[in-house]
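Q: Numbering (this note's numbering), first residue to last: 1 to 245.
Rather than coming from a laboratory, the hints here were simulated on the basis of the structure.
Glycine included, every Cβ here is placed at the ideal spot set by N, Cα and C.
Hints may contain errors.
Stated by the list, open to error - Below, computed lysine-lysine pairings styled on DSSO-like, alpha-carbon distance capped at 27 Å:
{"#": "1", "residue 1": "LYS84", "residue 2": "LYS109"}
{"#": "2", "residue 1": "LYS84", "residue 2": "LYS102"}
{"#": "3", "residue 1": "LYS196", "residue 2": "LYS162"}
{"#": "4", "residue 1": "LYS84", "residue 2": "LYS48"}
{"#": "5", "residue 1": "LYS83", "residue 2": "LYS20"}
{"#": "6", "residue 1": "LYS160", "residue 2": "LYS139"}
As the list claims (entries may be wrong) - Simulated restraints on C-beta separations:
{"#": "7", "residue 1": "GLY220", "residue 2": "ASN79", "range": "55 to 61 Å"}
{"#": "8", "residue 1": "THR95", "residue 2": "VAL203", "range": "41 to 47 Å"}
{"#": "9", "residue 1": "ILE231", "residue 2": "THR161", "range": "19 to 25 Å"}
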Amino acid sequence: EAAEEELDISLTAEYITYEKIEGEDLIIAKDGVQLKYQEIEVKAEYLKINLTTDLLFASGEVYFLQDETETYCEELTYNWETKKIILLRLKGEITGKGIKGKLYYQGEKMENFPETVEIAEGSFTTCELEEPHYHIVAKEMIIYPKDKIIVRNISWYEGKTKIITLPYFLIFLDRKTQQPILPKIGQNSADGWFVKTNFNYYVDEKSYGTFYIDWLEKKGIGTGIEHTWEIGSQDYPGETSLYLN
1 EAAEEELDIS LTAEYITYEK IEGEDLIIAK DGVQLKYQEI EVKAEYLKIN LTTDLLFASG
61 EVYFLQDETE TYCEELTYNW ETKKIILLRL KGEITGKGIK GKLYYQGEKM ENFPETVEIA
121 EGSFTTCELE EPHYHIVAKE MIIYPKDKII VRNISWYEGK TKIITLPYFL IFLDRKTQQP
181 ILPKIGQNSA DGWFVKTNFN YYVDEKSYGT FYIDWLEKKG IGTGIEHTWE IGSQDYPGET
241 SLYLN
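Could you build all of it, start to finish, from the sequences and the hints given here?
A: The structure is reproduced here in structure tokens:
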């Protein structure tokens with residue numbers, strides 16, 4: 001009874017029923033479903049709550065809100081005992097001090113872990129158009145909330161043309177010093193036309209950097225690398241950087 005009292009759920013829908021199937025207590029809701037529980041909110045066409053296994057399942061144009069982060073998906077599974085969340089065929093957006101505007105992402109599967117959120121078979125872009133000018137396809141995206149995004153095995157596309165393939169890519173969410181994700185294109189008297197691009201890469205938690213590739217009409221191609229090592233402890237943090245060109 002105590003567990004049921006703690007499960008303070010607000011649920012509305014066109015159709016709600018209680019069933020007991022094979023010893024399991026089920027609440028099933030259909031059409032215009034809206035659920036609120038602690039810090040989460042779910043909207044869907046179909047929802048099933050299993051009070052015996054502590055599992056919630058939703059499907060059909062699912063809207064999921066948690067900690068002010070909105071995600072849309074086709075299927076949602078949530079365990080309110082372990083706080084485990086699995087979303088299938090999803091899309092959402094994220095922002096931070098290190099991103100100008102928003103980062104739009106989508107993926108086949110998203111799953112949360114104690115310190116990270118992982119997206120499999122995903123893609124992302126900062127372009128909000130229906131057909132974005134560029135997007136990045138990835139095998140795996142690991143989101144460290146309010147910190148960074150690590151992307152593995154990526155292919156960078158401009159329109160439908162693949163530009164480059166990289167093993168890793170790194171996006172900071174909390175650093176104002178991050179270089180822009182998009183290439184910088186322009187013209188001046190010293191360089192002529194120029195295209196300046198950069199790719200953040202990742203070695204481990206305390207070792208990462210930025211690789212620069214510049215094409216200058218009057219000077220040719222230039223490359224550079226800036227690598228950062230985080231040093232010290234959590235109580236006395238610090239970092240050192242090395243730039244080569």
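Q: All hints, please: hold or fail.
A: Verification of the hints:
A distance of roughly 13 Å separates the Cα atoms of LYS84 and LYS109; the hinted pair therefore holds under the 27 Å criterion. About 26 Å separates the Cα atoms of LYS84 and LYS102, which keeps this hinted pair within 27 Å; it holds. For the proposed pair LYS196 and LYS162, the alpha carbon gap of about 18 Å is at most 27 Å, so the pair holds. Under the criterion of a C-alpha separation no larger than 27 Å, the hint pairing LYS84 with LYS48 is consistent with the structure, at around 16 Å.
At most 27 Å may separate the alpha-carbon atoms for a hinted pair to count; LYS83 and LYS20 meet this at roughly 24 Å. Distance check on the hinted pair: LYS160 and LYS139 sit about 18 Å apart at the alpha-carbon level, within 27 Å; holds. For GLY220 and ASN79, the hinted distance range of 55 to 61 Å is satisfied, since their beta carbons lie about 57 Å from each other. Between THR95 and VAL203, the C-beta spacing of about 26 Å breaks the proposed range 41 to 47 Å.
Evaluation of the 19 to 25 Å hint for ILE231 and THR161 yields a failure: the beta carbon distance comes to about 41 Å.
The structure fails hints 8, 9 (numbered hints given earlier, in ascending order).
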